[in-house]
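Q: Sequence:
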Amino acid sequence: MDFGTRSIRERPASARNGLTATRERVLGRRLPRSFYARPTARVARELLGKMLVYDGPQGRRAALIVEVEAYLGARDPASHAYRGPTVRTAPMFGQPGRSYVYFVYGMYYCLNVVTERTGVAGAVLLRGAEPIAGVGDDPRGLAGPGKLARAFGLTTAHTDLDLTSSPLSIRDGPALPASRVARATRIGLAEHATTLKPWRLYVRGSPGVSRP
Numbered sequence: 001m002d003f004g005t006r007s008i009r010e011r012p013a014s015a016r017n018g019l020t021a022t023r024e025r026v027l028g029r030r031l032p033r034s035f036y037a038r039p040t041a042r043v044a045r046e047l048l049g050k051m052l053v054y055d056g057p058q059g060r061r062a063a064l065i066v067e068v069e070a071y072l073g074a075r076d077p078a079s080h081a082y083r084g085p086t087v088r089t090a091p092m093f094g095q096p097g098r099s100y101v102y103f104v105y106g107m108y109y110c111l112n113v114v115t116e117r118t119g120v121a122g123a124v125l126l127r128g129a130e131p132i133a134g135v136g137d138d139p140r141g142l143a144g145p146g147k148l149a150r151a152f153g154l155t156t157a158h159t160d161l162d163l164t165s166s167p168l169s170i171r172d173g174p175a176l177p178a179s180r181v182a183r184a185t186r187i188g189l190a191e192h193a194t195t196l197k198p199w200r201l202y203v204r205g206s207p208g209v210s211r212p
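Positions 1 to 212 (the working numbering) are the ones given, in order, by the sequence shown.
Think of the hints as simulated: they come from the structure by calculation, not from any bench. Treat the hints loosely; a few may be bogus.
Stated by the list, open to error - Derived DEER-like restraints, expressed as beta-carbon distance ranges:
#  : residue 1 : residue 2 : range
1  : P57       : D162      : 26 to 32 Å
2  : G56       : Q95       : 35 to 41 Å
3  : R211      : A90       : 27 to 33 Å
4  : V104      : T195      : 30 to 36 Å
5  : A175      : G153      : 16 to 22 Å
6  : P39       : A90       : 20 to 26 Å
7  : V87       : G153      : 20 to 26 Å
8  : T86       : R204      : 32 to 38 Å
9  : D137      : T195      : 20 to 26 Å
10 : G106      : G153      : 26 to 32 Å
11 : P39       : V87       : 23 to 29 Å
12 : H192      : P85       : 29 to 35 Å
13 : P174      : G106      : 24 to 30 Å
14 : G106      : S179      : 25 to 31 Å
We put the beta carbon where it would ideally sit given N, CA and C, even for glycine.
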């Protein structure tokens with residue numbers, strides 16, 4: 001069900017520079033598939049400030065995306081898709097605008113958004129967010145991909161969901177000015193050719209960012 005442009009009650013973040021500065025925010029339209037069917041790095045940049053929403057069995061959960069990492073498939077040794085499709089990574093080679101959830105370190109689930117055109121693997125890892133509804137009040141509670149997925153109740157059962165029509169969606173919102181966006185190297189990677197690429201992007205000053 002698409003809830004259109006209804007308003008959604010949010011909890012104010014404690015940090016001055018957080019994006020959740022008002023008490024009520026308009027729930028935007030779902031991002032269309034064309035948004036995701038573009039170069040991964042561009043999609044990653046434009047996901048900042050958008051709203052992740054899950055209308056699950058426990059009710060609505062929502063948060064503003066404030067930290068992401070881009071993974072560029074066959075061009076990127078850090079990508080799960082670097083060596084080609086497997087049963088686990090098949091969603092990365094499929095239709096853009098779908099979810100890719102994986103399990104890591106025997107304890108964490110991580111939510112990714114599939115990008116590029118069908119057959120060309122690419123994904124954006126959602127690393128951090130600011131809480132809005134149904135995910136607690138702690139402004140640091142979603143700072144990290146494992147924390148984010150846990151707060152939303154997401155597991156590998158939620159992989160390959162269509163973000164344009166399923167209960168899991170990303171909603172449109174105002175574009176962030178370049179002055180609010182910082183770029184850095186991705187976190188926790190073994191050294192290789194793409195290690196130093198600035199493919200981690202985050203909102204400056206946001207409490208939902210996992211690391212400065």
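Q: A separate judgement is required for each hint: does it hold in the structure or not?
A: To see whether the hints hold, each was checked on the structure:
For P57 and D162, the Cβ-Cβ distance of about 18 Å falls outside the hinted range of 26 to 32 Å, so the restraint is violated. Between G56 and Q95 the C-beta distance comes to about 22 Å, which lies outside the given range of 35 to 41 Å. A hinted range of 27 to 33 Å for the beta carbons of R211 and A90 is consistent with their spacing of about 31 Å. Taking the beta carbon of each, V104 and T195 are about 18 Å apart, not inside 30 to 36 Å as hinted.
Checking the proposed 16 to 22 Å range against A175 and G153 shows it is violated: the Cβ atoms sit about 29 Å from each other. Range check, P39 to A90: Cβ separation about 21 Å, and the 20 to 26 Å hint holds. A C-beta distance of roughly 24 Å is found between V87 and G153, which places it inside the suggested range of 20 to 26 Å. Distance hint check: the CB atoms of T86 and R204 are about 37 Å apart, consistent with the given range 32 to 38 Å.
Take D137 and T195: their Cβ atoms lie about 36 Å apart, and the range 20 to 26 Å is violated. The hinted window of 26 to 32 Å between G106 and G153 is violated, with their beta carbons roughly 19 Å apart. Between P39 and V87 the beta carbons are some 26 Å apart, a value that agrees with the proposed interval 23 to 29 Å. About 21 Å separates the C-beta atoms of H192 and P85, a value inconsistent with the hinted range of 29 to 35 Å.
At about 39 Å, the CB distance of P174 to G106 disagrees with the hint of 24 to 30 Å. In this structure the hint that G106 and S179 lie 25 to 31 Å apart at CB is violated, the actual value being about 40 Å.
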